[in-house]
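Chain A is already provided as a structure; the job is to place chains B, C and D on it using the hints.
Chains as they are written, first to last, in full-length UniProt numbering: chain A, 1 to 355; chain B, 1 to 355; chain C, 1 to 355; chain D, 1 to 355.
None of these hints come from the bench; they were simulated from the model. Worth double-checking, as some hints may not be accurate.
Among the chain D residues that face chain C by a calculated CB cut under 10 Å, a handful are [stated by the list, open to error]:
#: 1; residue: Tyr-12
#: 2; residue: Arg-174
#: 3; residue: Val-188
#: 4; residue: Ile-248
Quick look at which bits of chain B chain C covers, simulated, 3 or more residues with Cβ under 8 Å [as the list claims (entries may be wrong)]:
#: 5; stretch: 243 to 249
#: 6; stretch: 253 to 262
#: 7; stretch: 298 to 312
Values in this document were obtained by computation on a predicted structure and should not be read as measured data. Backbone N, C-alpha and C fix where the C-beta goes; we use that ideal spot for every residue, glycine too.
Number of protein chains: 4
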Amino acid sequence: MISAAIVGGTGYTGIELIRLLSAHPKVSIDLLTSRSEAGTRADEIFPSLRGISDLVFSDLGDETLYALQKCDVVFFATPHGVAMKQAAALTQAGVKVIDLAADFRLQSLADFEHWYQQTHSCPELLKTAVYGLPELNRDKLAEAFIVGNPGCYPTTAILGLKPIIEMQNKQAVRLIESRIVIDAKSGVSGAGRQASLALNYAETTDNFKAYGIGGHRHLPEIEQGIEQLLVSQFSQQVRFLPHLVPMIRGMFSSIHMALTEAGAGIDWQQEFEDSYAGEAFIDVLPHGVYPDTRSVRASNRLRIAIHQDNERGELTVLVVQDNLVKGAAGQAVQNMNVMFAFDETLGLNAAPIVP
Amino acid sequence: MISAAIVGGTGYTGIELIRLLSAHPKVSIDLLTSRSEAGTRADEIFPSLRGISDLVFSDLGDETLYALQKCDVVFFATPHGVAMKQAAALTQAGVKVIDLAADFRLQSLADFEHWYQQTHSCPELLKTAVYGLPELNRDKLAEAFIVGNPGCYPTTAILGLKPIIEMQNKQAVRLIESRIVIDAKSGVSGAGRQASLALNYAETTDNFKAYGIGGHRHLPEIEQGIEQLLVSQFSQQVRFLPHLVPMIRGMFSSIHMALTEAGAGIDWQQEFEDSYAGEAFIDVLPHGVYPDTRSVRASNRLRIAIHQDNERGELTVLVVQDNLVKGAAGQAVQNMNVMFAFDETLGLNAAPIVP
Amino acid sequence: MISAAIVGGTGYTGIELIRLLSAHPKVSIDLLTSRSEAGTRADEIFPSLRGISDLVFSDLGDETLYALQKCDVVFFATPHGVAMKQAAALTQAGVKVIDLAADFRLQSLADFEHWYQQTHSCPELLKTAVYGLPELNRDKLAEAFIVGNPGCYPTTAILGLKPIIEMQNKQAVRLIESRIVIDAKSGVSGAGRQASLALNYAETTDNFKAYGIGGHRHLPEIEQGIEQLLVSQFSQQVRFLPHLVPMIRGMFSSIHMALTEAGAGIDWQQEFEDSYAGEAFIDVLPHGVYPDTRSVRASNRLRIAIHQDNERGELTVLVVQDNLVKGAAGQAVQNMNVMFAFDETLGLNAAPIVP
Amino acid sequence: MISAAIVGGTGYTGIELIRLLSAHPKVSIDLLTSRSEAGTRADEIFPSLRGISDLVFSDLGDETLYALQKCDVVFFATPHGVAMKQAAALTQAGVKVIDLAADFRLQSLADFEHWYQQTHSCPELLKTAVYGLPELNRDKLAEAFIVGNPGCYPTTAILGLKPIIEMQNKQAVRLIESRIVIDAKSGVSGAGRQASLALNYAETTDNFKAYGIGGHRHLPEIEQGIEQLLVSQFSQQVRFLPHLVPMIRGMFSSIHMALTEAGAGIDWQQEFEDSYAGEAFIDVLPHGVYPDTRSVRASNRLRIAIHQDNERGELTVLVVQDNLVKGAAGQAVQNMNVMFAFDETLGLNAAPIVP
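If we strip away everything but chain A, and leave its shape as in the complex, we get (with noise of 0.2 Å):
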C-alpha cells in the first residue's frame, strides 16, 4: 500500500480521485485538504461518500506541509498555480506529485505566462516535469517525479492524432492538409464545482453554445503534444473550438481533417486499431460503430471511432471519453499506476454506468 494525498478536494476531480483512490487496492488516502472546509469531513460535503470514505478536510499549514512529505505521491486536485508552489518541497522529500491542473503541462514558459497569466515558479521543475498522457509517455512516467496530468481536451485531441501524425512522421509524406478542424464538445462538469450564474440549471439546462471561441488555454497544449509530444515532422494548424452541452461528464471531439493523396491509400480504421491494439484505455471503435458519451460514462475508457472517404477525400476521428476519468482523475490514477509500477489499469476497471 503506498500513501497518498490530495490537496484540494472539494472540486470535481477532487472528488472523482476521493472515490477511484478509495477503491484502490494499493492506495491508502492518507490526508485530504481544503482550505474552505478545514475540518469538515469529506462526507458532509458529498453525501455519497458516506459509508466509503471518514476523510476529514486539512488546512494547507505547516502541519500538513509536513504530513504530505511523508506520502508516497501527492495529487493536486486545485487550481492553476497552486501545485507549483509545492513541488520543490515535496520532491526534495522523495515525494511523486500529480497535478490535475496546468502548472505542469507546457513546457515552454512562455505559453503558459501567456495563457494563465501568471509567472511560473519553479521554471527548473518544470523542465523535469513528464505530460502525463501514459500512451504516449510511459517510459518517462515511470521515471517521473512530477507530472502534469493532461486537459481534458487535449487528451482527446492528442490520442485522436497520434497514430496519423506518427504515419505521417514514419513515411515523411504528408497524409493530412495542414488545417485540422477539433470541434470538441464538453459536458458542464468541466467547468468545475462553483457558484456561477453562467453555469446555473436555468441558463444552462436545453441550451447550447460555443465558448473559448478567440482563444482556449487547451489549443497550445494541443499544439504542443502534436509538435513535442508527436514531433509532426509537418506543421499543422489547429482550429480549436469548444462547446457547452447540457450533459453533466463527457467530451467528444470531433477532428475534421482533409486527406491527401497518399493519405487516402492509407486504410486509417487497420492504423488505428494497429497503434492502440496494446492499450488497455484505448478502444477503437469497429468499422460504422460511432461513439456517445455515455458508453465512457464514469470510466477510464476512451473511444475513438474513425470515418474515411476517400471520394470527398476526408478524413474524421472521432473522440469519446468521461471528462473527469480518463479526463482528469482517471488519468491521473493511471499515470500513478505507472509511477509505482502497478498494474496500469489497476483501480480503473469498473464498467461505463449505462443507463
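Just chains B, C and D, lined up with the frame of chain A:
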C-alpha cells in the same frame, strides 16, 4: 396605452415581465431599473430580447424614483423588502403597485416578520393591499392600489382547494378530513437567476430532492389563503413539502385529501368544472386526463385534474402551472389587466410551447 | 466461483446485472439470453460493455434451457410472466432463481391475477418463494430457492416504514394515524428500455407528471409489505402516487404520516438509527441532512431522512435509492449474496457517481 | 383572412404550425388532417392546445381532399413523399402549397431519388417549385404556387454562408479556401415525434453523439444552396457532420473556414451586418457576443456570430435557430406571408422564451 415600469428587471420574473408586457397591446414599458446593471441595455443581458426591446436599465436613484411616479403602474420584480420601501411614495402619486415579492402577501405582520426576518416598513399600507389572485379577489383588485402578487406554490394550493373549501362552507359540514398533504414540485427557475453552487447544472440535473422540509415561507401564505381568503369554517391542517425538479419551468402540486362520508357524496369533477366555468386561465381537465407541466409551459394557464376514489375515501387534486407565468409574471399582468379594467386575458393568450 | 445466468439481458436491469456481476469476485456469468438479440454480442447492444464482457446472447431454446439447469443461479430480468414458466424445472434441478419481475412478489394469487392480468402458472411454487428484501427476510433468503425481487417503489416504502410499524407492534399502540401518503418520484429508466412515444426525450424532458393515479401495481406489494412482512397490528391505509422525474436514475419517496400522541413521544431519528444500525446498505442520515437521488447514483445504498414535527403532529420520512440498483439489480445481487452465504456486500461496494 | 389547412398535424412541425397559425391575425386554420388520429380533437393529443384550438383531425379521404381544394394554402407537415402526390390537384385548383418535407427541396431528380430512395411523382411540378428561403428567394416566393420549405440544417448553413459566397462572387476572387467544415448540432425534437428506442429519454439525456457520419440528406441541399441559389463561382467542398444534443429545441451550426489573403482583407463582421441589414429575422450579433440556442427558443429569429482571426487565417461563423421555428414551421409561415403579400413578420413576432 398605460405607462409601466419594472423595478428589478434582471431576474427571471423581470425578463418574463419584459417578454409579456412587450407584446401587450395596451402597455408601454417606459422604465426598467437594476442596481447592478444600470446603464446596460436589457438585450445585452438577455440576447433573446434583441429586436424585442431596446430598454436600458436605470439605477434606482432620485431621478428614476421621480420618473416612477409618472407611471401608471410599477411592477416590483425585486427581492423581498424593496417594494415596501417605495410603495408609499408611489401610491401617494397615484401609481398602482404590483409587488412580485412577498412584501404585501401576508396580512399578518407577525407572520411576515417571522418568516421573512425583517420589519415591515409600511404596516398601514399592508392593510390596503390586495392579494393578487384574480380568481378570488377580482372585485377588490379592480379598486386596488397595492397588490401582493401571490407566491407560486400558494397559487396552485389555493386554486386547487378553492372549490372544496367553498363547498364545505356552503354545506357547513366537513367534506374532507382536517389534514391536507400538499406534496409540491418546482422547476429550478423558481430559485431565481443567481450564482449558486446548489443550482449549478452539474449539481442539479439528473437529481431530485426535497427542500424547506422544516418549514417554507409559502406555508403561512397557503394557510392564510384557506383561513382568510376562503374563510374556511373548519380548521384544516396543511403539510406542505416542496421538491426541486431538474427542469427549467413548471410547477406540479399533488394535493392529497381524505374524504368524509359527506365528501364522498359529491362529484368533485363536476364541482370543479362548475366552479371554474368562467375562468379564462383555469382549465379543469376532463375526467381521466392528467396534467404535465409542459402543457402550460410559457403560458398563463393553470390546469387541474381531479381523482376521486370513494372506495378508499381519497381525493387527489393535481395542479400544474408555469411557475414564472401564472406563478409570477403572468399573474402580475393578469392582475394589472383587472386593475385597469382591460380584458383580463390581454397579452396572455399565447399558446404553451410544446415540445 | 458460482455460475450465473441472466435471462433477458437487453433491458436496463439486464445490463445493470451484467455490470454488477462482471465485477463480482465470486460469480461467473456463463449464460445470457435474449429472444430478440440471440447471436449478438452484448457489447454490440451496449458498447459500454466493450472490454468488460464478451458474452453473446443465446435464444431461450432447449439447449439454453438445459444449460440454465447447470447454473447455480438464474436471474430473470424479463417481463412479468416469464420466470414462473421456467422456475419449476430450474428449482427441480437445484438451481436458485431470482426473478426481477413480479411473478414471485405477491403471495396472494388473486392480487397477482388482478394487477398483472394473467394466471399464475405455478401457484404451489409461489408459496415457497421468498420476498427478496434482505433487511426483512435475511434468514429466509439464506434457505430460499425462489426469490421475488421487490419492486422499486415497495423497497423504499417498506424500508421507510419498517422501524415505525415494528415499534407500533412492539408498543401495541397506534403511533401513527391510519392514513399514510406515499408521494413517490422515479427517474425514467424505471419505465424500461423501450421504444415509446411517451418516453421520447422531447416528450419527457423539462416536464413532470404523475401516473398510475387510479392505481399502480406496486400498491398491493406495499400493502403486503405492511400487513404480512411487517405484520402490522393496526390497519394502515396507503395512498400511493408515483410521478415521473426527468432524470435517468433515482427514486425519491416522500412518506407523510400524522403522529398520534404516543407517536410524538418517540425520537424517530434515534429509532431509525438504532433499527438500521447493522445494515450495510441502509444509511439513516443525521438529523437535518436531507437526501438527494444523486447521492446513491449507481450504488446499492438507500438513504433515509427523518423529519419529525411534534407541534404539527407530523412525521415525514424521505427515502432515496437508485431504482436500477437497490431498486432492482443491486438488490438481486444482495439477495444472491445472502442465498450463497457470501459477504452480503460483495460486488456492491462501489461509491455512487457524483457529479 | 385566408383559409389554411395543415396536412399531417400530429408531429412536432404540425403542432408548431397550429401554435403559430392560431395566433396569426390573417389566417384561419380550417382543416387539419391525420391518418392515425382522424376524428380526434387536436387538444386531446396536445393538451397544451386546450383553449387555443378546437380543431378535429380529419382523415385524408376524398371529402377532405375536396375540402383542401377550397383552401388558400395547404401546409404539408408529413413524411417525405406525401405532398408530391397531392400537389398537382391542389395547384390546379389554385391552392398554394408549402411542403415542410423534402419533396420540393432538391431540384435535381437524381439527388432526390438517391437520397430519399423514392421516385418523384411530379417532376414537372418540381421545376416550378421555389426553395422557401425568403432571405434568398423573396421575389420568387411572391409568385410561387409550390414551396419546398428548407431543411433545418441547410437554413443555418446557407444563411451562414450567403454573405461570403456573394462577396466572393462579386469580387470574383477566392476569399475562403475550398473546404468548408460545418459541424452542426441539433436538439432532439428534430428527429420528430415518434416511438423510438434511440430517442428514449434514458438513452438520449446526459449523452452526446454524432450521426449521419457517412452522409446526411441535408448535405446535397446545402450543396445546392451554395451552387445554385448562391451561384458560387468557385467550387466549395462541404464536410457536414450533424450531432444530437440533449435538448428539446435548438440548432447550432459551427461553420469553419480558412481565409485566403484576399478574404482576410475583408471585415466580415461589417459585411454580415450590411448584408442582413434589412432582414427582420436575421440577427448578426455584435462583435464579441456569441450565441446560444435558447436565445431563439420558440422564435423565428436566427442569430449569427462572426469570429475572424487573420493571424491564423480563420473565419468561424456560428449560427443558431430554433429547429422547429426558423428551421421548419416558422419559416413556413414566413413563406406564406411572402406568398400572400402580408407583412413578412405577421404572427412571428413573439419573443423567445428565456429561461
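When the structure is checked against the list of hints, which entries are broken? Sort them ascending.
2
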